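> So you can see what is in the structure, the chains are spelled out below.
2 protein chains.
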Amino acid sequence: MTIKLVLEYDGSEFSGWAAQPGLRTVEGELSRSLATVLGETAVLSVAGRTDTGVHAWGQVASFETAATVLPEQLARNLNGLLPHDVSVSAVDIVPSGFDARRDAVSRTYCYRVLARPAPSPFERGRALWWPHPLDGQSLHVCAAGLRGSHDFTAFTPTQSDHVRFERDVQTAEWRRAGSVLELWIEADTFMRHMVRVLAGTMLDVAAGRRTVGSFMRLLEGAPRSEAGPTAEAHGLYLASVRYDGKTAQ
Amino acid sequence: MTIKLVLEYDGSEFSGWAAQPGLRTVEGELSRSLATVLGETAVLSVAGRTDTGVHAWGQVASFETAATVLPEQLARNLNGLLPHDVSVSAVDIVPSGFDARRDAVSRTYCYRVLARPAPSPFERGRALWWPHPLDGQSLHVCAAGLRGSHDFTAFTPTQSDHVRFERDVQTAEWRRAGSVLELWIEADTFMRHMVRVLAGTMLDVAAGRRTVGSFMRLLEGAPRSEAGPTAEAHGLYLASVRYDGKTAQ
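Sequences listed follow chains A and B, in order.
First residue of the first sequence: 1, per this note's numbering; consecutive thereafter.
First residue of the second sequence: 1, per this note's numbering; consecutive thereafter.
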């Protein structure tokens, strides 16, 4: 059987997704709980390998198992074993061969910014606190410019092992929810730190520290040194992952 | 000068609002920070004395001071001193004699319920997790029945020191935000545990453990023993407080 899991986690206390010896990771916690429930070790494929501190509302992982899985029961059993900062929101049996990473058509990330003078007890660790002035209109113009295919070399660490720096952005927009501004961005795949450097650089524009024009020019393959700071991990969420109808919803 | 503060706090680590020797309370933390900033002890009046574990998005407190207060500066100074689970979102100079408790025209509370099979890392401690079946329609009917003047004796502890059990409910409705159901209720004043017993009893109805009719009859002065359980404190928020235009916004 091939199983697809949808996961939600608060990344604050995790050293990211990928299992690493001696570190607390989401994959590590999930693998341990799966081994207890299934009685075997599952090899996990994941849609987005989130970094330390990054959250997820809709991470997707898949694995093959020789065990017979009843989806609702597996969800309940896993949620009974998993720590409080990670939960399984859906379990589905999918067609044999489904792979959460390879079959993903796109990923959607959300970067949250609390834009107001006072900090918030409820957004602490869950949004970047931005008590500085901020021009919402230039955020909108930058986001609109992101749509389409661009070379995102400027938005990932120089020492990264990517071989291709072009990415296809399907949607990018800033939405306001009360005093929280959210950057929603969907693309085929993302490079390491990409959304965080995009957010950090757009906030530079919104604060008047660089122009919209200079932001647009970064999308033509400028070096990393010309973009802005990597915004903090705790504002970032892997929101959802999209699959073709024929592999899984 | 008379000063009005709007406060936001995560009640998880507080023994409620009211200062008590040896306990960590919101009033205690705020008084200490105010004393540092103003150089004098402020006597606080508060719109809603929240219980242990109850949160606030818009608590209102007032005090008189001999110091000269610049609102934005006081907010910044207090937020620099206060712990991370409480913050000052607004400071206003109000007409002399204003009293946050006495002058409040109404309070609005929100009770949040996460209604889905899986727990949520993000709603832990911030909504009641309700993985059981729930009939949304009967919640709506119960809420509609709450509007107007009723005797809420059934919804406050028997040993309470209230002398009047009638309350005037201006609005009451359940709203859905994703998988979170929120009871929003505005009334002149609330008795101890009132919103929590209302929520607990309505959830009894929604789970099919009592009828809408029996809920309605509780509003005619039935004893506490006939209502449902007191829903947990961590789902409750003091959302906002309303004042007449002539005292303060």
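I should point out that these hints are in silico values taken from the structure, not numbers from a laboratory.
Just so you know, these numbers come straight off a predicted model, no measurement behind them.
There's no promise every hint is true.
Chain A regions said to be covered by chain B (calculated; three or more residues, Cβ under 8 Å) [stated by the list, open to error]:
1) 120-128
2) 167-178
The calculated label-pair distances, taken between Cβ atoms and stated as ranges, are [what the hints assert, rightly or not]:
3) B:147 / A:41: 37 to 43 Å
4) B:244 / A:177: 27 to 33 Å
5) B:80 / A:226: 55 to 61 Å
6) B:223 / A:39: 51 to 57 Å
7) A:207 / B:95: 33 to 39 Å
8) A:207 / B:49: 51 to 57 Å
9) B:192 / A:214: 22 to 28 Å
Partial list, derived from the structure: chain B residues whose beta carbon lies under 7 Å from chain A [claimed, not checked]:
10) 8
11) 9
12) 12
13) 15
14) 233
Cβ atoms here follow ideal geometry from the backbone N, Cα and C, with glycine treated the same way.
> Hint compliance check: list the failing hint numbers for this structure, sorted ascending.
2, 3, 5, 8, 9, 12, 13, 14
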